[in-house]
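Trainee: Chain by chain, the residues:
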Amino acid sequence: MNIIRQDMSVAEVLKTLRGADGYFITNTARDLSQSDFKNRILFHTDMLAAKPREKAGYFSLEITGGASVHVDILRKQVDPFLKLELLREKMPNTLFQTLCRGVNLFGYRPYPQNVIRMTVREFAKYVDVWRVFDFMNHIPNMQAVFEEVQAAGRILEPSICFSTGPEHTDEYYVKKVGEILDVTGDEIILCIKNHGGLGTPKRIGELVAAIKEKYPDLVIHYHGHNTDSNDIGRITSAVLNGATIVDAGDHSFTGYYGPPPILTVIHTLRDHGIEPVGVDEKAVIETADVLRPERDHYDYFESQFKGFAPTVQIHKLPGGAMGSSFEQAVKGDFLDKISTILHDELPKVQIELGNFWSVTPGSQILWTTAVSHILEGERYANPSGDLKNVLLGRYGEFPFNRPADWIYEKVFGSDWKKILEEEGGVEDIEDIDVEKERADLTKRLGHAPTEQQLVTYFQHPNDAVEFFKFEEKFGQTYVLPPSIFLRRGGYKVGETLEFTDCNGKEHVIEIGPTQTNEKGETSVYMTVDHHQRVYLFEPEIPEGAVAGASQLSKEEVAEFAIVGDMRAPFAGNVCDIVVEEGQEVAVGDRLVILEAMKMQTPVNSEVVGKVGKIFVELGKAVNLGDKLLKIKVVE
Amino acid sequence: MKTKILVANRGEIALRIIRAVQELGHSAVAIFETPDNNAMHVRVADEAICLGDGPRSDYLNIDKVIKAAKKSGATAIHPGYGFLAENYHFAFACEEAGITFIGPPSGVIKRLGDKVVARKIMSDAGIPMVPGTENLLAGDEGEAQAIAFGNEYGYPIMLKATGGGGGRGIREIGNEGQLREEISIARAEALSAFNDDNIYIEKVVINAKHVEVQIIADKDGNVVHLGTRDCSIQRRKQKLVEIAPSMIKAQGVLDKICETAVTVAKASEYRNAGTVEFLVDKDLNFFFMEVNTRVQVEHTVTEMITGIDIVRTQIKLALGRNLSFTQEDVKLRGHAIEMRINAEDPQNNFMPEGGKTVSFYRSPGGYGVRLDGFVYQGYTIPQVYDSLLVKLTVQGYSWNETVDRLRRCLKNFVIAGPKTTIPFYLRLIDEPDFQSGEFDTSFMETHSHLMEYTEDKSEVSKLARLIAEIHYRQMNLYAV
Numbered sequence: 001m002n003i004i005r006q007d008m009s010v011a012e013v014l015k016t017l018r019g020a021d022g023y024f025i026t027n028t029a030r031d032l033s034q035s036d037f038k039n040r041i042l043f044h045t046d047m048l049a050a051k052p053r054e055k056a057g058y059f060s061l062e063i064t065g066g067a068s069v070h071v072d073i074l075r076k077q078v079d080p081f082l083k084l085e086l087l088r089e090k091m092p093n094t095l096f097q098t099l100c101r102g103v104n105l106f107g108y109r110p111y112p113q114n115v116i117r118m119t120v121r122e123f124a125k126y127v128d129v130w131r132v133f134d135f136m137n138h139i140p141n142m143q144a145v146f147e148e149v150q151a152a153g154r155i156l157e158p159s160i161c162f163s164t165g166p167e168h169t170d171e172y173y174v175k176k177v178g179e180i181l182d183v184t185g186d187e188i189i190l191c192i193k194n195h196g197g198l199g200t201p202k203r204i205g206e207l208v209a210a211i212k213e214k215y216p217d218l219v220i221h222y223h224g225h226n227t228d229s230n231d232i233g234r235i236t237s238a239v240l241n242g243a244t245i246v247d248a249g250d251h252s253f254t255g256y257y258g259p260p261p262i263l264t265v266i267h268t269l270r271d272h273g274i275e276p277v278g279v280d281e282k283a284v285i286e287t288a289d290v291l292r293p294e295r296d297h298y299d300y301f302e303s304q305f306k307g308f309a310p311t312v313q314i315h316k317l318p319g320g321a322m323g324s325s326f327e328q329a330v331k332g333d334f335l336d337k338i339s340t341i342l343h344d345e346l347p348k349v350q351i352e353l354g355n356f357w358s359v360t361p362g363s364q365i366l367w368t369t370a371v372s373h374i375l376e377g378e379r380y381a382n383p384s385g386d387l388k389n390v391l392l393g394r395y396g397e398f399p400f401n402r403p404a405d406w407i408y409e410k411v412f413g414s415d416w417k418k419i420l421e422e423e424g425g426v427e428d429i430e431d432i433d434v435e436k437e438r439a440d441l442t443k444r445l446g447h448a449p450t451e452q453q454l455v456t457y458f459q460h461p462n463d464a465v466e467f468f469k470f471e472e473k474f475g476q477t478y479v480l481p482p483s484i485f486l487r488r489g490g491y492k493v494g495e496t497l498e499f500t501d502c503n504g505k506e507h508v509i510e511i512g513p514t515q516t517n518e519k520g521e522t523s524v525y526m527t528v529d530h531h532q533r534v535y536l537f538e539p540e541i542p543e544g545a546v547a548g549a550s551q552l553s554k555e556e557v558a559e560f561a562i563v564g565d566m567r568a569p570f571a572g573n574v575c576d577i578v579v580e581e582g583q584e585v586a587v588g589d590r591l592v593i594l595e596a597m598k599m600q601t602p603v604n605s606e607v608v609g610k611v612g613k614i615f616v617e618l619g620k621a622v623n624l625g626d627k628l629l630k631i632k633v634v635e
Numbered sequence: 001m002k003t004k005i006l007v008a009n010r011g012e013i014a015l016r017i018i019r020a021v022q023e024l025g026h027s028a029v030a031i032f033e034t035p036d037n038n039a040m041h042v043r044v045a046d047e048a049i050c051l052g053d054g055p056r057s058d059y060l061n062i063d064k065v066i067k068a069a070k071k072s073g074a075t076a077i078h079p080g081y082g083f084l085a086e087n088y089h090f091a092f093a094c095e096e097a098g099i100t101f102i103g104p105p106s107g108v109i110k111r112l113g114d115k116v117v118a119r120k121i122m123s124d125a126g127i128p129m130v131p132g133t134e135n136l137l138a139g140d141e142g143e144a145q146a147i148a149f150g151n152e153y154g155y156p157i158m159l160k161a162t163g164g165g166g167g168r169g170i171r172e173i174g175n176e177g178q179l180r181e182e183i184s185i186a187r188a189e190a191l192s193a194f195n196d197d198n199i200y201i202e203k204v205v206i207n208a209k210h211v212e213v214q215i216i217a218d219k220d221g222n223v224v225h226l227g228t229r230d231c232s233i234q235r236r237k238q239k240l241v242e243i244a245p246s247m248i249k250a251q252g253v254l255d256k257i258c259e260t261a262v263t264v265a266k267a268s269e270y271r272n273a274g275t276v277e278f279l280v281d282k283d284l285n286f287f288f289m290e291v292n293t294r295v296q297v298e299h300t301v302t303e304m305i306t307g308i309d310i311v312r313t314q315i316k317l318a319l320g321r322n323l324s325f326t327q328e329d330v331k332l333r334g335h336a337i338e339m340r341i342n343a344e345d346p347q348n349n350f351m352p353e354g355g356k357t358v359s360f361y362r363s364p365g366g367y368g369v370r371l372d373g374f375v376y377q378g379y380t381i382p383q384v385y386d387s388l389l390v391k392l393t394v395q396g397y398s399w400n401e402t403v404d405r406l407r408r409c410l411k412n413f414v415i416a417g418p419k420t421t422i423p424f425y426l427r428l429i430d431e432p433d434f435q436s437g438e439f440d441t442s443f444m445e446t447h448s449h450l451m452e453y454t455e456d457k458s459e460v461s462k463l464a465r466l467i468a469e470i471h472y473r474q475m476n477l478y479a480v
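Sequence order for the protein chains is A and B. Note that the first sequence covers residues 1 to 635 in this note's numbering. Note that the second sequence covers residues 1 to 480 in this note's numbering.
Among the hints, a few may not be true.
[Stated by the list, open to error] Here are the simulated DSSO-like pairs of lysine-lysine, each with C-alpha atoms no more than 30 Å apart in a straight line:
hint	chain 1	residue 1	chain 2	residue 2
1	B	Lys-356	A	Lys-505
2	A	Lys-519	B	Lys-356
3	A	Lys-627	A	Lys-610
[What the hints assert, rightly or not] Computed far set for chain B versus chain A, every beta-carbon distance over 10 Å:
hint	residue
4	Val-42
5	Ile-233
6	Ser-359
7	Pro-423
[Said to hold, decoys possible] DEER-style ranges, computed between Cβ atoms:
hint	chain 1	residue 1	chain 2	residue 2	range
8	A	Arg-438	B	Asn-207	40 to 48 Å
9	B	Ser-123	A	Arg-590	32 to 40 Å
10	A	Gln-583	B	Asn-151	31 to 39 Å
11	B	Ser-442	A	Pro-461	42 to 50 Å
12	A	Pro-539	B	Arg-180	46 to 54 Å
Calculated directly from the structure, the hints in this document are not laboratory data. Quick reminder that beta carbons are idealized off the backbone N, C-alpha and C, glycines included.
Same shape as in the complex, but just chain A (with noise of 0.2 Å):
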């Protein structure tokens, strides 16, 4: 039974969150994958469990935004408005909530103003509770999204990072939101963001006094993450304090670095006399059941590093940073360096870089800054761009303190004031030409893509490409389980693996035998809906090994030749060389005659100009992409 539901306009669901007796819980399903299992958790996996958690009654269910939208695309191979869409149908009443990076929207880097609004727009037609942050607590680096994100009558949820450490005074926070309050009027959610779990209960539970008692109206969604497996007393004591909202996840699937499990919110709240409104505990087992089978198949995701990690509090990384910190540390081989880094040299940088909060990207700028540090045995020796920006102000002012001069100066030089005066200060990133970019894009598509397939563009264009073009070629695979999408060594013979396609039908494939002959061409049989099927793959070329002497593609093939330089465009015998050295020719005109398998083929002339060097000789064989001859084009 959802006492908020999706059709409520922002002022009814601030009305009932206001007048309601109890608290409200948001499942945070995208930040514990995001923290415990390096962004994984599979589409599937949030349809499998889409309908008890919508029966659950949660005031949001956090699903997109933050780095899942780069890692939809990226490495889940789904379609971030599309899951979206999907999980609609199968949730009507629960409201979708996201996580927004403010100018960075949902990447590492300031955005044009314009990508901002058409990105914002384009993801309010799903999402209805914007979470939007700032590392740097700054608000204008908010406000786009916070415009449109009203102007689209979503809820807006501006969030406060929160940090330990003498200048993080609720004095300061309480300013804080008086500013946010100023920019978006009263119609809004507070959120303590508390991406690193810091602070003891009692610290959470002052700040949310303190933001009551000068904003008594207002609505506090709490965040939080179980690093030191103290957020459910922080929880409790936000709640205690006047928080409306809080955070926790599906507990078969809670881990060490995200939310702690909604049931154990619920027990320790009731012994408090306070009571979840419209949550139906049962759904919330039965999200647990239902999604417990499907952990083991994530198993390479979850954190290298087992047990919690209370020193949190020292380095105070942030959960959904957590991981892949780790893995950075078991692949960049400083393992044995990590308690250095976490312990001593983080906390130092942090502190000399003007305590802004470890949450991204300053939460990447703060761990690359102190690991180039250890490894390289020399402080701001090598500093990242990312580093310089922050330093030039470009992602914003330092909310307390300009780092010291020192450091300026090792980074920049001695000129570094000049420098500074010159290039500091936050940047006017120029709009884009959004029909620039548009045709761009339909040409590495080879077709129109629609406005959703460009907002997806602007954010990672690149991997955006890559990702369509994945679909172009693999289909809709989302409907795969983890078991199949994930499978490490292979399936066995024999197995037989059944799914759903995305237009509901379902198929069945069975794992035949692999062959690879003496080429090392690899055939892999299969019985796809009790169909044989093979498919084949090449041997692949060692990096650094020379390719087959001249295996251009059909494509290069036509490229090389509007420059004039002929290729063979199938593999065939020479059988007449109709130009001559010297010779003029137009386009159009014959030069060579090829024949293949009895069918002559003349190569015609793209170009104006004159015959250069011939490279074939009648009646002898060329490959596809070998040298014809030469033409010198005339402009």
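Given the coordinates of chain A, assemble chain B onto it according to the supplied hints.
Mentor: Quick look at chain B alone, frame taken from chain A:
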């Protein structure tokens, strides 16, 4: 008496002949060029002789073939189709060498093979003909002749190699400019393909059906026809689909065509098996085109509806027997369709896929299905020969049943490695004009949308492709 018969051909027809030879209890000698080292006909024959490295030149080398026959002790040669099959010099060389040529006498081949002479014979016999010329004179005079014909009868016209056949050596010309441009290339092609640079012109009969009649004649001049075939579905004059009998509903017209074919055979003193080709226009007027003095690729459809083994009959007749059946014995049963499964990429202008290896091969079976192929799993298709992999012939009681069977069989094929014409055929047979039997020689031009087929782009085939890749790579590279 056991006879040793040399099969002067390669590919599926060599295999077809070897089978007939062996069924008759004779022994078969194959010949081959080195690119055909691994060809099936070499393995299936009782003996095989390598002629040289070719390519093609040795199969076309009369001396070498005759020597191979002598060396092996073969006393008869079956030429198949293509190569030397309609080369009267070859038939003559056999006659001179005392070797039985399984086909008509060299004189018949010469007369009928010279399309211009053939036209003369037929017109003398009162056979209706398409307007045409004699051999064009060489050089500019020939060009002038051609242009004059074009002016008189109008375009389109056809430039045809006098020595050509089987749809080869024909160029359709739409206007005078094109005529001027292509006349020399047509000559060059004729010379290289048929060793004869003579060409002539015929008026194009627009929207004609290509109907042909299988005839068989014995040494006593008894001529029997085995009914009609329709080979209207062609691409660049190359037949793609052949059916028997013709779908023309006016039985009287078909009877008349068959009778005319018998008259043609008699007028030309034909012997052994041959095919008389006609064009039938929209008003069911029919015109003689030519006689193919050999077994046709599409003879299988006739065999399927008559039950008569044409190749076996050819051999028996050549070895001195007379026809064991009369016209009254020939009964047509239902319909048959043959499709040539070629290693070609229809969407790339039917570009041959030679050089590729057939890494997997499964063929259909069951009732009413016949396969004449020589491809096998592991076979690398030589680049230097034609691209025919296997002929699929199906027979059924009704036309619809036959089409249904054809579709099922095409779907049952699994050929991995080269692209094939199968997906195109699957698209073709779902075309209403094909299903209704309403097609003529303009079919491919008027149905160009058939080329827009998608090679099984069903959702499941795409997903299966990914699953195959995950299996092969041991992980999903698109997910890590």
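Trainee: Regarding the assertion that Val-42(B) does not contact chain A, is the least Cβ-Cβ distance greater than 10 Å?
Mentor: holds, 20 Å
Trainee: Check the hint pairing Lys-627(A) with Lys-610(A) against an upper bound of 30 Å on the C-alpha distance.
Mentor: holds, 16 Å
Trainee: Does Pro-423(B) really sit off the interface, with its C-beta more than 10 Å from all C-beta atoms of chain A?
Mentor: holds, 13 Å
Trainee: Looking only at beta-carbon atoms, does the pair Pro-539(A), Arg-180(B) fall within the given range of 46 to 54 Å?
Mentor: Between Pro-539(A) and Arg-180(B), where Cβ atoms are some 50 Å apart, the hint holds.
Trainee: Assuming the hint says 42 to 50 Å, is it satisfied by the Cβ distance from Ser-442(B) to Pro-461(A) or not?
Mentor: holds, 47 Å
Trainee: Look at the Cβ atoms of Gln-583(A) and Asn-151(B) and judge whether their distance stays inside 31 to 39 Å.
Mentor: For Asn-151(B) against Gln-583(A), whose Cβ atoms are near 33 Å apart, the range 31 to 39 Å holds.
Trainee: Does Lys-519(A) pair with Lys-356(B) here, judged by a C-alpha cut-off of 30 Å?
Mentor: Holds: Lys-519(A) and Lys-356(B) sit about 12 Å apart, inside 30 Å.
Trainee: For a C-alpha distance cap of 30 Å, please report whether Lys-356(B) and Lys-505(A) respect it.
Mentor: violated, 35 Å
Trainee: Would the least Cβ to Cβ distance between Ser-359(B) and chain A come out above 10 Å?
Mentor: violated, 5 Å
Trainee: Can we trust that Ile-233(B) is non-interface, i.e. its beta-carbon lies farther than 10 Å from all of chain A?
Mentor: Given a closest Cβ separation of 18 Å, the condition holds.
Trainee: The hint says 40 to 48 Å between Arg-438(A) and Asn-207(B); measuring C-beta to C-beta, is that right?
Mentor: Given a distance of about 45 Å, which is inside 40 to 48 Å, the answer is holds.
Trainee: Regarding Ser-123(B) and Arg-590(A), is the given constraint of 32 to 40 Å on their beta-carbon distance met?
Mentor: Hint holds: Cβ distance 37 Å, inside 32 to 40 Å.
Hint violations for this structure: numbers 1 and 6, all remaining hints satisfied.
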